[in-house]
Amino acid sequence: MAEPISITSLTKTYPGSKVPALKSVSLDVAPGNFLVLLGPSGSGKTTLLRCLAGIERIDSGSLSIGSRVVADGRSHVPPEQRDLSMVFQDYALWPHLTSLDNVAFALRRRHLPRSECRSRALVMLERVGLSEFAKRYPNELSGGQQQRVALARALIADTGLILCDEPLSNLDADLRERMRVEISSLVREAGATTVYITHDQAEAFALADHIGVLEEGVLVQSGSPEDVYHYPATPFVARFTGLAGELSVRVTGQGSDGTLELTAAGVTDGSVRLPALRPAPGAGGPARGLRPGDDALLAIRPTGIVLLRSAEETPHLSGRVADVAFRGRGYEYAIDLPGLGRLTGVFARHRADRGDSVDLRLDPEGCHLFPAEAAARASDGTGSPAPALTA
Amino acid sequence: MPLFWLLLCAFILAPCACFLLLAVSPRLFDQGTQWFTLTYLRQSLTGSTVVPVINSLWVSSVAALIGLFVGFPLAWLAARTTMPGRRWVSGGMWLALLLPSWLPAIGWERLVQQDGVMYRIGLDWPWVTHLIMGPFGVTLLLGLRCVPFSYLAISAALNGLGQEFEDAARVHGASRFGALRLIVPILAPALMSALAIGFAESISDFGVAATLAYNSNFTLATYALYAAIGNFPPSFPLAAATAWLLVAAVAIPLALQARALRGRSYAILSGRTRQAVRRRLGRLEAFAAGSGLLVFFLIILGIPGFGAVSASLLGDFGGSFTLTWSNYSALFQQAGLIGPLERSMFYGVITASVTVFLGFIAARLLSARRTAATGAMDYLLLASVALPGVVFGAGYIFAYNLPIMSTLHINLYQTVQLLVIAYIASSLPTNARVLVGSVSQIQPSLRDAARAHGAGAVSAWARGVLPVVSRPIMMAWLYTFCGVFLELPLSQLLYAPGSPPAAIAIEDNLSNYHFGVGMAQAVLAVFIAFASVAIVLGAYRLLAPNGWRRIGTTVRG
Chain D
1 MAEPISITSL TKTYPGSKVP ALKSVSLDVA PGNFLVLLGP SGSGKTTLLR CLAGIERIDS
61 GSLSIGSRVV ADGRSHVPPE QRDLSMVFQD YALWPHLTSL DNVAFALRRR HLPRSECRSR
121 ALVMLERVGL SEFAKRYPNE LSGGQQQRVA LARALIADTG LILCDEPLSN LDADLRERMR
181 VEISSLVREA GATTVYITHD QAEAFALADH IGVLEEGVLV QSGSPEDVYH YPATPFVARF
241 TGLAGELSVR VTGQGSDGTL ELTAAGVTDG SVRLPALRPA PGAGGPARGL RPGDDALLAI
301 RPTGIVLLRS AEETPHLSGR VADVAFRGRG YEYAIDLPGL GRLTGVFARH RADRGDSVDL
361 RLDPEGCHLF PAEAAARASD GTGSPAPALT A
Chain U
1 MPLFWLLLCA FILAPCACFL LLAVSPRLFD QGTQWFTLTY LRQSLTGSTV VPVINSLWVS
61 SVAALIGLFV GFPLAWLAAR TTMPGRRWVS GGMWLALLLP SWLPAIGWER LVQQDGVMYR
121 IGLDWPWVTH LIMGPFGVTL LLGLRCVPFS YLAISAALNG LGQEFEDAAR VHGASRFGAL
181 RLIVPILAPA LMSALAIGFA ESISDFGVAA TLAYNSNFTL ATYALYAAIG NFPPSFPLAA
241 ATAWLLVAAV AIPLALQARA LRGRSYAILS GRTRQAVRRR LGRLEAFAAG SGLLVFFLII
301 LGIPGFGAVS ASLLGDFGGS FTLTWSNYSA LFQQAGLIGP LERSMFYGVI TASVTVFLGF
361 IAARLLSARR TAATGAMDYL LLASVALPGV VFGAGYIFAY NLPIMSTLHI NLYQTVQLLV
421 IAYIASSLPT NARVLVGSVS QIQPSLRDAA RAHGAGAVSA WARGVLPVVS RPIMMAWLYT
481 FCGVFLELPL SQLLYAPGSP PAAIAIEDNL SNYHFGVGMA QAVLAVFIAF ASVAIVLGAY
541 RLLAPNGWRR IGTTVRG
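Chains as they are written, first to last, in our numbering: chain D, 1 to 391; chain U, 1 to 557.
Since the hints were made in silico from the structure, they are not lab data. Just so we're clear, the structure is a prediction, and the values are computed from it rather than from any experiment. Even glycine gets a Cβ: it sits at the ideal position worked out from N, Cα and C. Hints are not guaranteed to be accurate.
Claimed, not checked - A few chain U residues facing chain D, derived, Cβ under 7 Å:
{"hint": "1", "residue": "F165"}
{"hint": "2", "residue": "D167"}
{"hint": "3", "residue": "A168"}
{"hint": "4", "residue": "V171"}
{"hint": "5", "residue": "I186"}
{"hint": "6", "residue": "D508"}
Stated by the list, open to error - A few chain U residues that don't get close to chain D, going by computed Cβ distances all over 12 Å:
{"hint": "7", "residue": "S61"}
{"hint": "8", "residue": "P73"}
{"hint": "9", "residue": "H172"}
{"hint": "10", "residue": "V184"}
{"hint": "11", "residue": "L187"}
{"hint": "12", "residue": "I252"}
{"hint": "13", "residue": "L281"}
{"hint": "14", "residue": "R283"}
{"hint": "15", "residue": "F332"}
{"hint": "16", "residue": "G464"}
Given only the sequences and the hints, what does the whole structure look like? Please build it.
Structural data, given as structure tokens:
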């Protein structure tokens, strides 16, 4: 049966380290939900997962799985008593056991007869398409097959919680995509609550029902994939979930409906005419946000830029093609903006050559505005949740 | 390459092959009438001649098990717990390895034998004498000798065994003990290596066989082989048959180990291996573990060390425990006592320098593109590592004593030159194996880059290659120097009359009841060996450029 998870003010510092790996993390996961913890290396996502597994002890706060408190700083339920399963980053398949024995091991806690363990393990291997590899040792399997054995081992015991520690990071791009689909469908079929960690935003958006973004031990945003993408809480979240570029801007005016008029900082020749942006709903608003005269950071998603084909439309920006890459269904550009930096990942169906001058329009849907001080905090590594404005 | 092969054939392959061939074809070497016979092999397996072989087999088996059962827990405690003194364990193990087996053996012997240190200090315990001066003592000593091998083999595996296998077991329902039981088989290669190496080292050991075992009337196969050559009339074919048994006894467990592991992978290292977490021992556990460690080092180094040092400070006769420096003064005053130590030092320097040079060439050949010739060389050197020293020495005596050598005007038998050549030939395989790891790591581009940027050939080598291999070369040199300085089996078989090396002089003194002087020589020899190590390491630390010393050191993340 799927288990809910409740994490309250969880703090963890490794012995010998002065910097906490997790700082007062609070998070609830509904039963059967697929939570993806997203963050760069060192953000604390693996620590959080290992705390959930019981491999690491927490310093303070509490952690509940189902109705049971499994850790609260004083008590610590050992991993084997938490009734969960886990897919490890490098699979951690025991090299001296066959695929079948690796999978069957996870049934030991169910105290079933040996023969039943083996027959169930075989069924599970069949489910992941590996029944003919049951007698093979891990070193006789390909990376993808090892990954599936690890997945079968996690699924077989029918636990209410499955933890996945970057299980796709060791696979090549093609296999990663196929295994992602398999994990998504098999885990959802099992109906367990899943906590999955990755540093790959595309993988996170593709898998998650719910995403938590971690930065230096702090949970900076938690929400649906759509929320995280469309309403990033901080410049860090915006950057980590994919930006084409950033512009330093200044608020020059405010409309009666709350829209903000902007101009690019340092550009006075009128070559840059930015669109007016409306603050994001429920994320602070003008009262707490920006006012005319404030400096700000404009974060631009790749989907927020349109490469214009003709002079019929009025451009917001002009630049020069620094690089072009053919991507099958179109072209991906890197464009230098004189005095403003470079935009990358700009997609268009038509071809322009390196060195060509191009005009660009910004789509307010793909632009996010942040107060300059929040951007500075994110850059110097002291980032914390900050109000966000969006188009 | 052809020149190197010629050297290998002349000094390693031919002497040993001739000697082993002699067991089945004595006529080939004018040692009998049969072109092919199994008589000597049969003879070595029957009657009284088989007893030493059986002794060696069971003693080595038990010794290997002792090595494993002591080495494994020590390695586990040092790698995975907060045992007090864990940082010193590896150093202590290397120290124990550096000493030849005959040194602790004579230390124990002088401690417990009648009129020894134990009786002099008033401990009248004949049962201890009987226990140590017999199969138990011999097995215990060889077993303790196996502990460092087991410890080092298992430690290396434990260091690579990340935390995730244990975590995976715990997460999937195994208790702490269940997880341990699950992951111990992952260490199977290291455990099997520990057993195989322990067995091979014990069965080919000559140091304990020629001292404690011989003086306890407990004959082992290596000593039986030596006696077959040394007694009058010598029986080379019988000695060769015993050599076959020794070689088989060493090769079979190594081959079985290789076969058991073939087709299976125990690969546990990956770029993402998570370092294992040390278990914090409780106060009582820490006390027990620390005490166990102390007792172990007392037995392996402390007691024989005490036996040797105290015996060197006692007079040869009389029952009192009166300490005197007279033995040490005698070393420097009486003629012929310090000479063997100086001689062995000289042999050690020459051998270590030549061997490291040749070993480096061999390592370069082995790490180059694999061809049939380098493959054969690899097998030859590997097989030579496992060849007991006494078989090697016997091969030399036999081969360089053949009439054809006189015909060819190669009159090396009973000369210092032959002894040094034998030292070099027996040390070369180990050196080449030690150096091949480092030499394989040298990217040709390092040298090429230096050449491309204007350095000459010598300068390119000195700047691009030498820094990478300087530390392994120094360690190989020290290991060879210490090994040769205190070497026994080859010295026993090949030393030139009138020019005994250190080990022989010490043995002679002890067997002629000059216990005090003999032990003083032994203590001084160990002191010289350790002082040489300290001086060379210190000089490297002071003189080597900073960049050289950084290569191969661990980077803290």
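How the hints compare with the structure:
Because the beta carbon of U/F165 sits about 6 Å from the nearest beta carbon in chain D, less than 7 Å, this interface hint is met. For U/D167, the interface hint holds, since its Cβ comes within 7 Å of a Cβ in chain D; the closest pair sits about 5 Å apart. Proximity of U/A168 to chain D holds as hinted, the smallest CB-CB distance being about 4 Å (cut-off 7 Å). Look at U/V171: its Cβ gets to within about 5 Å of chain D, closer than 7 Å, so that hint holds up.
Interface hint at U/I186: satisfied, since its Cβ lies 6 Å from the closest Cβ of chain D, which is below the 7 Å cut-off. At its closest, the beta carbon of U/D508 sits 52 Å from a beta carbon of chain D; the interface hint therefore is violated under the 7 Å criterion. Its beta-carbon lying about 24 Å from the closest one in chain D, U/S61 satisfies the requirement of being farther than 12 Å from that chain. The non-interface label for U/P73 is consistent with chain D: the shortest C-beta to C-beta separation is roughly 21 Å, beyond 12 Å.
Here U/H172 does not stay apart from chain D, with its beta-carbon only about 4 Å from theirs, under the 12 Å limit. With a least CB separation of 10 Å from chain D, U/V184 falls inside the 12 Å interface cut-off, contrary to its annotation. Not every C-beta of chain D lies more than 12 Å from that of U/L187, the closest at about 9 Å, which undercuts listing it as non-interface. For U/I252, the requirement that its beta carbon stay farther than 12 Å from each beta carbon of chain D is met, with the minimum near 24 Å.
With a least beta-carbon separation of about 15 Å from chain D, U/L281 lies farther than 12 Å from that chain, consistent with its non-interface assignment. With a least CB separation of 18 Å from chain D, U/R283 remains clear of the 12 Å interface cut-off, as annotated. Under the 12 Å C-beta cut-off, the non-interface status given to U/F332 relative to chain D holds; the minimum distance is some 53 Å. The Cβ of U/G464 lies farther than 12 Å from every Cβ of chain D, with a closest approach of about 33 Å, so its non-interface assignment holds.
In summary, the structure is inconsistent with hints 6, 9, 10 and 11 from the numbered list given earlier, while agreeing with the others.
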